[in-house]
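K.L.:
Each protein sequence line maps, in turn, to chains A and B.
Everything in the first sequence is counted per our numbering, starting at 1 for the first residue and increasing by one.
Everything in the second sequence is counted per our numbering, starting at 1 for the first residue and increasing by one.
These are computed hints drawn from the structure, not numbers from a lab.
Hints may contain errors.
Said to hold, decoys possible - No more than 16 angstroms apart at the CA atoms, straight line, and that leaves these computed lysine to aspartate or glutamate pairs for EDC-like:
| no. | chain 1 | residue 1 | chain 2 | residue 2 |
| --- | --- | --- | --- | --- |
| 1 | A | K17 | A | E159 |
| 2 | A | K351 | B | D63 |
| 3 | B | K351 | A | E268 |
Claimed, not checked - One side only, chain B facing chain A, incomplete, derived with CB under 7 angstroms:
| no. | residue |
| --- | --- |
| 4 | T187 |
| 5 | S338 |
| 6 | A342 |
| 7 | T344 |
| 8 | P462 |
| 9 | P464 |
Where is the CB? At the ideal position from N, CA and C, for every residue including glycine.
There are 2 protein chains.
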Amino acid sequence: MTGNSTDNPSKNHFIYKLLNPKSVCVLGANNNLLTTMGSMQLRNIIAGNGVGDNIYPIHPTLDNVQGFKAYKSILDLPDSITPELAFMIIPPKYIPDMMQQCGIKGIKNLIITSGGFREIGDDGAELSKKIKTLSQKYGIRFIGPNCLGVYNGWYGYPEIDNAYFHTHWVPFTPKRGNVSIASQSGTIASLIVWHTNQMDLRIGKSISVGNENNIDLVDFLEFFRDDPQTEVIGLYIEEIKRGREFKKLAKEISVKKPIVAIYAGGSEGASRSIMSHTGSIGGNQKIYDALFKETGIIATNSVREFLFFLRTFSWAQRNNIYPKGNRVALVGDSGGASSMMAKTSELYGLKVPEFSKTLQRQIHELIPPTASALNPVDLTFDTNFQNLFVRIPKMVANSGEIDSIMVFGVFDFNEVVELMVGTGYELDEKFKLFASTAETAYIKPTKRLIKKSKIPIFYIGPMPFGHSVYKTFFRFDVPIFETWDEPTKCMSVLTQYYNFRAKMSK
Amino acid sequence: MTGNSTDNPSKNHFIYKLLNPKSVCVLGANNNLLTTMGSMQLRNIIAGNGVGDNIYPIHPTLDNVQGFKAYKSILDLPDSITPELAFMIIPPKYIPDMMQQCGIKGIKNLIITSGGFREIGDDGAELSKKIKTLSQKYGIRFIGPNCLGVYNGWYGYPEIDNAYFHTHWVPFTPKRGNVSIASQSGTIASLIVWHTNQMDLRIGKSISVGNENNIDLVDFLEFFRDDPQTEVIGLYIEEIKRGREFKKLAKEISVKKPIVAIYAGGSEGASRSIMSHTGSIGGNQKIYDALFKETGIIATNSVREFLFFLRTFSWAQRNNIYPKGNRVALVGDSGGASSMMAKTSELYGLKVPEFSKTLQRQIHELIPPTASALNPVDLTFDTNFQNLFVRIPKMVANSGEIDSIMVFGVFDFNEVVELMVGTGYELDEKFKLFASTAETAYIKPTKRLIKKSKIPIFYIGPMPFGHSVYKTFFRFDVPIFETWDEPTKCMSVLTQYYNFRAKMSK
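Go ahead and model the full structure; you've got the sequences and the hints to work with.
P.N.:
Next up, the structure:
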């Protein structure tokens, strides 16, 4: 991934300044992090570091907010200071006045978090019109209203590194990476952070777009297309405002950057929910199904799948590795997990072909006499982890008989050591050393094998994410799953996307 | 749940002794917990406490195994000692001899973990025949071969409490509860423990049945039917040996004890896997679909759903609470999560009806003007957690308009306190106290409401299980989910099962 200013066309896009402001004024924050959402949001802006001291809280009574001098109003700011961005989380009735002040002051970029606009009916619609008119009058661009703001993990990159701009209220920061999200739900944009950090899904940008009064999904698609730090796009959709533009852009982008989407509409209860959520009208499911098919967007109704798909594409994109066909090999030490994965692989359109006799013979030399080499390869209980994790995957990868591999049986040796120590068993030092280096011993060669063979290999363990054994996988960027449910579906969408891209590039 | 010996018919079932042996001899364990699976299994038997000192390792060279005097062979045991059970994890070729020794010694119950029987072809089939003949000759009953053994969290209950009998090799013990599992995969029987403990799925018995040479799923169904500690049954199926008996029993049982099943067969790759795993022939998916429908068994292809369904039924059974219809209310502080849940609810056959004007008016008195009371109820950002978690669910539950409730928005106040303390924010003591008692303040009334209204209420948080906020939910036995994907499907299968039971009881 590169990003110096000359080859970063996104710097010319109007959204760039909204995600990389050099100075910010904040309306609606005080010193109580819990009872006022805006306070937590200001805290996150401060913690992000990039904006530095150029933070200007606006508050009617406080002189100091979270260590920064506060001003009574926008117009009270010194003449020498014109913040590049105003962040507002105040009762909606005050928004037009504040927007006018921004206009007078010359602030051109706004994030309006406050709810209470078109989603609440007539009164809100009136307000919506007002802010639309004001923004046109003053040439203001704004995200929202009724949003949770933005997260940009690549603030000022590459000139500035390791700073971020984070206006969500969650008390955590995502790990930055090549995935960018634009979402008509603040929850999908921000409350996924506990999960994404735990599963090592690395998010570079996550935008809660709110009611899209001024900036919509199409604008963000355009920006993500031009952004060198975006290689995968996630969308949460309740409504698409500019259908034709969306379709054209999505088609253009998805051959280079995979797009994963949740469409939450298409049912009666959902439409009612959407109407009161963002004030938009959800459309018929069939229309969206056709749109997703035509544009190559990978769709799901599950937030878990959304995250897993994004993580899988994130990995495939940054390593440039895709399965070139649908033949999958299953290797593991559990017959049950293998059977279930064989079944779901086929349910999702993959094949689990029987290996050639030659390959079977090769594998049989390495495994216990009771084990199977047909595909799935079931090693049964075998303490030779080099066979399970290194030698057999290598044979299979080099055979030319398959396009992807899944390996079940991740095991934490340290856990056993702890148990033994904790209950008074004797333990030799050699074994302790082995336990603490085991993961690295098999993960490193896998990493090399993936790189050399260009074949995706997914590892699968029985422990939940959060278990310490997975840290090594994350460190070496080898895909790892916490049950054997998701890997088959993820491999299936990788294959599906590869085919789509191949077809479109003809 | 009761269990004194007079009202526990399972005590008369031959399986009882296999799960509650008073004395055990173990073949195939030594002092190295990692490289020998049997050593870990013996360790777990010792840790279970119930068998006490009545453990007799058999080992050709060692005098002492894990603190117990070892004997050279079964026939070397003193005349006064006849273990009630022999546990074997040794190379398959030795099994017939050892079985004969058991027969001579008078040991009538065996668990044979060793693999290498019919699943490996002709040689194994020969061995299988041999052990069948021997068992008939000596009147021996045995689980396996090719299994991972058993876990019984209710060892000797109620005469003995808090002891268990655990022969799996995992370094953990499940939390005991009313769910019993019989599985043709050792992985499903045992390697789920990291997940089940973390999600508070409480398992009373978990049996890896292996090749079912002598004891099969039908035997375990029969035992679970008679077992007062079993209120929910989980099955992992690759093949059903006695179809007619299975169908009859499952029908009889499932109206009282819900049965959740994974059937791993039904596809080409899966059949190949199954053949090499347990040596059985997987059947056509349609046959199994029809069987599950007729018997009311809830089926899934996902291990995650399997665990969530079991946990949901576990809760419904021990509290005797089921939705009496398919009308669901959604209450939350996230429009996006609500929209997604409204959609999946309807996809899974539930209804999300619009509330009556009266109920809407009632709710509107409690919520911000920008919030929605239609159903879903979207409170937007509101710090009045009593409304979200207590008052609105109560209004809805008492309205007579719905049959179940899902509440999104679990939040951890302590996390914010930690963040504030960690980054130098001022914090008053009152707030600290509030943070540490918040969960209890809303979970306790929910517990009462569920009990009084007999309406299931599911809570949903955005954090993964493992997060400390969930401990309070577990303690008060209020259902809690880690994303908004699973609760709708779980509510749907609860409803589905309630309808099945009502129809069958007519």
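K.L.:
Now tell me if each hint is right for this structure.
P.N.:
Hint check results:
1. A distance of roughly 15 angstroms separates the Cα atoms of K17/A and E159/A; the hinted pair therefore holds under the 16 angstroms criterion.
2. Of the pairs offered as hints, the one joining K351/A and D63/B is violated, with about 52 angstroms between alpha carbons and a cut-off of 16 angstroms exceeded.
3. The suggested pairing of K351/B with E268/A holds, with an alpha-carbon distance near 9 angstroms, which does not exceed 16 angstroms.
4. Hint on T187/B holds. Least Cβ distance to chain A is approximately 4 angstroms, under the 7 angstroms limit.
5. Here the hint on S338/B is kept, as its CB sits about 5 angstroms from the closest CB of chain A, short of 7 angstroms.
6. Against a cut-off of 7 angstroms between C-beta atoms, the interface hint on A342/B holds, since the closest Cβ of chain A lies about 4 angstroms away.
7. Taking 7 angstroms as the C-beta contact cut-off toward chain A, the hint placing T344/B at the interface holds, the least distance being around 6 angstroms.
8. Interface restraint check for P462/B: the shortest CB-CB distance to chain A comes to about 4 angstroms, inside 7 angstroms, so the restraint holds.
9. Hint status for P464/B: holds, given a least beta-carbon distance of 5 angstroms to chain A, under 7 angstroms.
Checked against the numbered hints listed earlier, the structure breaks hint 2 alone; every other hint is satisfied.
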